[in-house]
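J.: Take these sequences, add in the hints, and give me the full structure.
Order-wise, the sequence lines are chains A and B. Under this note's numbering, the residue at position 79 of the first sequence is numbered 79, and the numbers go up by one with no gaps. Under this note's numbering, the residue at position 108 of the second sequence is numbered 108, and the numbers go up by one with no gaps.
Source of the hints: derived by calculation from the structure; they are not laboratory data. Just so we're clear, the structure is a prediction, and the values are computed from it rather than from any experiment. Just so you know, even glycine gets a beta-carbon here, dropped at the ideal spot from N, CA and C. Treat the hints loosely; a few may be bogus.
Stated by the list, open to error - So the derived label-pair ranges between C-beta atoms look like this:
hint, chain 1, residue 1, chain 2, residue 2, range
1, A, Glu136, B, Gly102, 56 to 62 Å
2, B, Lys84, A, Lys32, 42 to 48 Å
3, B, Asp171, A, Ala157, 45 to 51 Å
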Amino acid sequence: MPARRTTRLALLAVALLVVMAAGVATAPAASKIAADPNELYERASAKLQKGDLPGASTDAARLFDLVRAHPQWDPDGAYAQTLLPPLQARIRRLKAASATLDQWSEKALAELKPPDLKSRISTVKDYTHWATSVVERLRADRTAVVAASLASPEERALLKRTPAWARSERLFDNDVLKGMADKTSDDILGLLSGDLRLETVLTRFRQLKRDLMEAIAERDALQEKLDRLGAPREPEAGTAWIPWTLAALLGGGCGVLARLVRDRGRRLAVMESRLSGCGTRDRDRSLPGSGDEHATRRAA
Amino acid sequence: MPAACGTHRGRSAARGLVCLATAATLSCATGGAPRPTSTPAPISTLTYEQDTLRIPIRIDPSGTVSFAEKPPLAGRIDLAPIVKAEGLAGKPVAAQAMLHYGRLYVVADEFRSLWEITPRPGSSVAGYRSIPVPHVGAGRLKEARLSRYGSPGSSCVRLDHAGGVLFITPDGDSRDACP
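T.: Written out as C-alpha cells, the structure reads:
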C-alpha cells in the first residue's frame with residue numbers, strides 16, 4: 001500500500017515538472033512586449049534614414065494612434081507635440097518629392113527621342129556624344145526638380161536613398177541607352193563603316209554574312225534532294241530559321257549572326273542524316289565553319 | 001526680561017542696567033523683533049521637470065558610461081558598484097537609462113533590479129539604491145524596457161519586462177500601477 005502511494009506521488013511530481021518546464025519554455029513567446037512610443041519613434045526615424053518612406057510613415061502613424069488613444073504613454077506630449085509633427089512633416093515632404101521624381105523619370109523616358117542617326121549623325125562617336133549629352137541634361141534637370149521639391153540638404157540626402165532616386169539613376173544607366181539602341185539597331189550597323197576603330201568588327205560582320213549566304217545555298221541544295229526523294233518537308237530544319245536569318249541581317253547584330261552560323265552545321269547535319277536514311281551518301285560534304293564537322297559526325 | 005534681573009535692591013540698579021544693555025544688544029543683533037528660529041525663510045520655486053527619453057547606454061568592462069556618446073549630454077557615470085552588485089563586473093553591458101524628476105534610473109537585461117541614482121547638487125557624486133523588481137523569471141530581467149507613463153506633472157517610470165510591469169512614482173516608490 002505505501003509503495004503504491006509513493007509511486008503515485010512520484011508520477012504526480014513528474015507531471016508537475018513537465019508542466020512547469022513547458023510553461024518556462026513558452027513564457028518568452030507569450031510575454032512579447034508591445035512597442036512603446038520611444039520604440040516606434042526610433043523605428044520610424046531609422047526607416048526614414050534608410051529611405052524606406054512607406055515604413056517610416058507606417059510607424060509614425062502607429063505612434064500617432066498610440067499616443068492619441070493612450071495619452072498616458074506621452075505624459076507631457078513630448079511625442080504628440082514636439083517630436084512627431086516634424087517627423088511626419090519630413091516624411092510627407094520626402095514622399096511628395098519622391099512622387100515628383102517618379103513622374104519626372106517617367107516623363108523623361110517617354111520624351112526620349114533619339115535623333116535620326118542617318119541624317120544627323122555620321123559616326124558611332126557622334127552617337128556616344130549624343131547619349132552623353134542627354135544624360136548630362138537629364139541629370140541637371142533632375143537636380144533642379146529635387147531642389148524645387150526639397151529645400152533642406154539633409155532631406156535631399158535622404159531622398160537619394162529612396163527607390164524613386166534609384167529608378168531615376170536607372171534611367172541614366174540603362175533606359176536612355178536601351179531606348180536609343182532599340183531605335184537605332186538597324187542604323188547602327190551602317191554607321192560602323194564611319195569609325196576606323198570598328199573596322200575589324202565590320203570585317204567580321206561581312207564574313208559572317210557571307211557564311212550565312214553559303215549556308216542558305218547549301219540548305220537549298222539539300223532541300224532539293226529531299227524533294228526529289230519525296231521526303232516530307234521539315235519546318236524545323238528548313239524554313240523555320242529563315243526569319244531568324246532575316247532578323248539577324250536587319251538588326252540582330254553580329255552576335256546573332258555568329259550563333260546562326262554555328263547552328264547552321266547542326267541543322268544541315270540533321271537534313272543530311274535524313275538523306276542518308278533515304279539511301280543517299282552525302283555525308284562527306286562537310287560544311288565550312290566552326291563546329292560543322294563535329295556536328296555532322298555527331299548527327300550521323 | 002529675564003527673571004535673574006531685579007533680585008537685590010542695592011545692586012539691582014546696576015544689574016538692571018546690564019540686563020537692559022544686554023537685551024538692547026541682543027535686540028539690535030537680531031534685527032529688532034524676535035523671530036521664531038524653527039521656520040526657514042521661504043524659497044522661491046518654479047516648475048522644473050527634468051526628464052529624458054530612454055537613453056541606450058553601453059557600460060564598458062570597467063563599469064563606466066560616457067554620456068558624450070549621446071550629445072548634447074556630456075559627462076560620465078561610474079556604474080562599477082552597480083554592475084558588481086549585479087554580478088556582471090568585467091564585461092560590457094548594454095543597458096538603458098532614463099532621467100525622471102532629476103533622478104536617473106538604470107536597468108539592463110540580466111540585471112536583478114532596477115537602479116535609482118540620485119545626484120547630489122553641487123558635487124560630482126550621487127547616491128544610489130536598488131529597487132527590487134517582482135516576478136523576475138529565473139532571477140534575472142529579460143526584455144527590460146524603461147518608458148515614461150502617467151499624467152502631466154506626475155508621471156512614473158514604467159519598467160516593462162518579460163515578467164510584468166513596475167511603476168516608479170515621482171517620489172521613488174515602486175508600485176504596480178501609476179497613481
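J.: Which numbered hints does this structure break?
T.: 2
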